[in-house]
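Engineer: Sequence:
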Amino acid sequence: MPATTFWTGTTIAAVSLVTVWGVIRGSGSPVPAPQTVRLPVTADTGGVTPQQMVDAFHSAFGEHHARAVHAKGIMAEGDFTPSAEAAGLSKAPLFTGGPMPTLVRFSNFTGIPDIPDNIGDANPRGLALKFTMPGGATTDIVTHSFNGFPTATTAEFRELLLAIAASGAGAPKPTPIESFLAGHPIAKAFLTSQKPAPVSYTTLSYFGVNSFRFTNAAGGQHYVRYRFVPVAGEQFLPAGAAEKMSGNYLVDELPIRLAKGAVAYDWYAQIAEAGDAIENPAIAWPESRKLVKLGRIRIQRMVSDPATADKRALFMPANVPTGIEPADPMLTIRQGAYPISFAHRQ
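All residue numbers for the sequence shown refer to this note's numbering, where the first residue is 12 and numbers rise by one.
These are computed hints drawn from the structure, not numbers from a lab.
Treat the hints with care, as some may be off.
Heads up, simulated PhoX-like pairs for lysine-lysine below, C-alpha to C-alpha not over 25 Å straight-line [as the list claims (entries may be wrong)]: (1) LYS206 to LYS304; (2) LYS102 to LYS304; (3) LYS301 to LYS102; (4) LYS301 to LYS206; (5) LYS184 to LYS199; (6) LYS206 to LYS255.
Construct all of the structure, not just a fragment, from the sequences and the given hints.
Structural biologist: Now the structure itself:
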């Protein structure tokens with residue numbers, strides 16, 4: 012069953028970051044220090060803890076000592092060049108200077124590390140990015156290939172995962188997931204309207220469904236959501252073609268494509284207007300909203316030693332620089348659970 016990217020947790024405990032960054036540094040891999048995380052002052056978590064969310068993912072997809080969600084993935088690297096317009100929206104150092112190193116990870120949905128690329132349950136696909144800014148500090152973004160989220164809150168998302176876990180073979184009708192979807196039409200639409208199988212991970216657009224507040228040098232502010240669009244356009248397999256493809260066709264295709272040349276993505280900020288749902292990721296903003304190009308990403312090559320690089324990589328969705336602030340309480344939730352999942356898979 013297709014579902015969506017994992018967002019969980021409450022405010023990070025200091026011990027979590029100490030543990031996580033100690034694990035990474037102990038690996039011998041040079042890692043920049045984590046950035047200051049500015050989270051919403053108040054965030055309604057519905058009483059859900061980070062550990063409960065990680066456990067819910069494991070209940071739905073099994074315990075594999077891998078990422079709790081988007082477990083199957085592949086990593087590449089390249090650079091990001093900001094646009095002239097970006098600095099007008101945010102004073103973040105991310106939007107100054109020349110090309111900056113960028114790490115990317117494409118992935119399939121679920122916490123199943125060997126989920127086939129050619130089945131519907133692998134949707135939505137994921138794209139995570141880590142930018143190394145001038146001076147060596149980093150910032151992260153986590154997105155997926157569907158413009159929206161199945162639930163408005165973390166508590167509801169945990170209910171969805173638990174309903175999936177309780178709806179296996181032999182579950183009495185109506186199953187828990189059938190009952191959940193009957194009362195959550197947005198979640199039902201999400202699960203039944205994913206995109207067709209892509210030609211490549213790089214022929215999909217990706218969306219940041221949570222909102223951020225941008226502040227520019229003059230103090231002007233805008234609420235934005237992210238969008239990453241392939242310069243060559245979206246491309247999908249013909250109907251019925253996916254089942255004829257290998258279960259690893261996307262993983263196998265990426266290095267072949269990059270060997271022929273770089274793949275380019277344009278990064279946009281979608282600008283909110285009055286009345287748009289800033290704190291509800293289940294409601295996509297209208298397509299009529301203005302898009303401002305923040306810059307271009309060039310994905311140039313595969314990472315060396317991909318298995319080790321993937322194990323060591325941690326993308327923290329609220330790892331943001333000055334000039335960018337989380338505006339959606341769900342980011343608080345997500346930020347708390349990622350370190351738990353990271354430590355668990357080491």
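Engineer: For the pair supplied as a hint, LYS184 and LYS199, confirm whether the alpha-carbon distance does not exceed 25 Å.
Structural biologist: holds, 17 Å
Engineer: Are LYS206 and LYS304 close enough, with their CA atoms no more than 25 Å apart?
Structural biologist: holds, 24 Å
Engineer: Keeping to a limit of 25 Å between CA atoms, is the pair of LYS206 and LYS255 held or broken?
Structural biologist: holds, 18 Å
Engineer: Would the hint linking LYS102 and LYS304 be met if the CA-CA limit is 25 Å?
Structural biologist: It holds: about 15 Å lies between the C-alpha atoms, which stays within 25 Å.
Engineer: Given the hinted pair LYS301 and LYS206, is their alpha-carbon gap at most 25 Å?
Structural biologist: Given pair LYS301, LYS206 holds - Cα atoms ~23 Å apart, limit 25 Å.
Engineer: Does LYS102 lie within 25 Å of LYS301 when you go C-alpha to C-alpha?
Structural biologist: holds, 19 Å
Comparing the model with each numbered hint stated earlier shows that all of them hold.
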